[in-house]
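Hey, can you work out the whole structure from these sequences and the hints?
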Amino acid sequence: MGSLKDKVVIAGIGHSATDGGSKFDSKQESKLKGVSDVQLALQACKMAIDDAGLASQDVDGIGCAHALDSAAPSHQIALGLGVPEISFQVDNYAGGAGSIAVVQMAAAAIEAGLARNIVCYRAMKTSTAGRLTGHPRGASISQFPDYQSVTGEAEFMAPFGLDSVRMENAMRWKRHMIKYGTSSEHTGAVAITHREHAAFNDRALARQPITMEDYLNSPMVVDPVRELDICLASDGGYAVVLTSAESARDLKQSPVYIMGAAMGGGPLPGYASGFPAQAPEPAEAAAKYFSKRLYNMADVGPNDMDFAQIYDCFTFAVIYQLEGYGFCKEGEGGPFVEDGRIALGGELPVNTHGGQLSEGYFWSMNHLYEAVQQLRGHAGARQVKDAEIGLVTGHTAQVGSALILRR
Amino acid sequence: MEQYDKPLPLPSAETREFWEGCKRGELLMQQCADCGTYRFFPRPMCHVCNSFSAEWSKVSGRGKVFSWVVVHQASPAFAGDVPYVVASVQLSEQDDLRIFGNVEGCSPKDVELNMPVEVFFDEITEDISLPKWKPA
Ligand SMILES: [Zn+2]
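One line per chain: the protein sequences are A and B, in this order.
By the count of this note's numbering, the first sequence reaches residue 407 at its end, each step adding exactly one.
By the count of this note's numbering, the second sequence reaches residue 543 at its end, each step adding exactly one.
Take these hints with a grain of salt, some might be off.
Example chain B residues on the side facing chain A (calculated, C-beta under 7 Å, incomplete) [as the list claims (entries may be wrong)]:
id: 1; residue: T422
id: 2; residue: Y445
id: 3; residue: F448
id: 4; residue: M452
id: 5; residue: S474
id: 6; residue: V476
id: 7; residue: V478
id: 8; residue: Q480
id: 9; residue: S482
id: 10; residue: V493
id: 11; residue: L520
id: 12; residue: N521
Please keep in mind that the hints were generated in silico from the structure rather than gathered at the bench.
Ideal Cβ placement from N, Cα and C applies to all residues, glycine included.
So this is what it looks like as structure tokens:
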């Protein structure tokens, strides 16, 4: 089997202006309300291209991920940047696991000689547009006459008031709690740690510290999931530029190398189409199916990670993945997050920027941005000392994707 | 009677038999005509033997709660129903044969893992009866 190890680098990183709510479904005015997602994507891509020391005319590939929306599709970004000739283009319909998967596809394309400099991005407006973009499957008939009938998988969900990703995920989490005794204090520890990290990050949209009492008093949304278990609603975009290790020598920044890449899942994978009723045991985070491939390619193990930027759509998604990526045994993710183990200065700092729970919800392209900052030594007050190797993940209930990066 | 204001299924060629069954008070599951494996939701191919031929078989309508949630903050259509229970019910016919539905007829607090449940049909319109669950 071939290997991507050390062949491709992240040469540039960028982000747009960001804004949004401190709450998962906030409809508060975002200062970016009047700014399109295409503009946010372009801001992020332009900054990443500049950061790499390239010009838009050097770009010959574009990739992004979406799900139920079609926010800022790649052809609009290529048009906006003025890319002279496209050699690689992908719009990956894969949910939260999609962004990191796109970066892998782009890296493989560069290694295979299909393209030279590829920009990967994700721009979202969940603060302004809400979470039901294009598909309000829980809408009432009187409010949304166009959606009074649901079809496909939604036929067997929406009529029962099962109409959001958080409900499906809460159902899986419930089994983890029962099977392993994972508690609200465990998810609370995840929420609190993310907020602590956000305090050191100017871009974080939720920086107000929280206590365990605040967490436990946070209103239930879908028992066992509280408001503070759910990532933020936010507007903004993040981007990276990939190029070959060879061409990176001439560029502006010190390169960050892709050591390992893997994606996948177990039986019945897929976003939405994986009909969660038939999903395997909840503790079977998708990562468990591919983490061995990931570490094999990189030729390192979990203990070599100086940090982990883990896709955190929900607090418990972090716990599943700590198990799936082998930082602890299956079922032991709850106790693992106790005692400051995942905090800055702890054994495995997780989401040093505050993650999607506290920085913003950008499908972990912000996690990738933070990982590169850490490996360049540019993370300021939240710098992990001597960070050399780190993990970045994407995740949905049933599929995942991950990169191991090194400086 | 007030107008029913929640989303309703729009049966397709693939799902029509299921909803016709519900209307008659029968829970039907798609079953592979070659290897006998049940599957749900409805789809064209058997995931075990890849056969395209299937029939609709009446099942017992009995099962147990595989997992569940209690919804406290709902979308607009269901805001008047909180707190309500949505469960994943594992049917007695096959271990991985599961269907979502509301559990009614007991307090949300009384729902438990593996609680035995049986189907009942909530007649919503002339065409649609929704399969729901109550303690068995
Ligand atoms: Zn079959």
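Exercise. So, N521 (chain B) near chain A? Judge it on the closest CB pair being under 7 Å.
Key: Check failed: Cβ of N521 (chain B) comes no nearer than 10 Å to chain A, outside 7 Å.
Quiz prompt | Y445 (chain B) as an interface hint toward chain A, with CB separation required under 7 Å | solution = Check failed: Cβ of Y445 (chain B) comes no nearer than 11 Å to chain A, outside 7 Å.
Quiz item: Does the CB of L520 (chain B) sit less than 7 Å away from some CB of chain A?
Solution: 5 Å, holds
Exercise. So, Q480 (chain B) near chain A? Judge it on the closest CB pair being under 7 Å.
Key: Holds, about 5 Å.
Practice problem: Let me know if the C-beta of M452 (chain B) comes in closer than 7 Å to any C-beta of chain A, holds or violated. | Solution: 13 Å, violated
Self-check item: Restraint outcome when F448 (chain B) is required to lie within 7 Å of chain A by C-beta distance
Solution: At about 5 Å, which falls below the 7 Å cut-off, the nearest Cβ of chain A leaves the hint on F448 (chain B) intact, so it holds.
Self-check item: Hint check, S474 (chain B) versus chain A [nearest Cβ-Cβ separation less than 7 Å]
Solution: 4 Å, holds
Practice problem: Would you settle whether the hint for V476 (chain B) is holds or violated, based on the nearest Cβ-Cβ distance to chain A being less than 7 Å? | Solution: 4 Å, holds
Exercise. Mind checking the CB of V493 (chain B) against every CB in chain A and telling me if the closest is under 7 Å?
Key: Hint holds; V493 (chain B) Cβ to chain A Cβ min 5 Å, cut 7 Å.
Quiz prompt | Restraint satisfaction for T422 (chain B) [CB to CB of chain A, less than 7 Å] | solution = 6 Å, holds
Quiz prompt | When the least beta-carbon distance from V478 (chain B) to chain A is tested against 7 Å, hint result | solution = Status holds, d = 5 Å.
Self-check item: Supplied contact hint for S482 (chain B), tested at 7 Å Cβ to chain A
Solution: Since the shortest Cβ distance to chain A is 3 Å, the answer is holds.
Comparing the model with each earlier hint shows violations of hints 2, 4 and 12; every other hint is respected.
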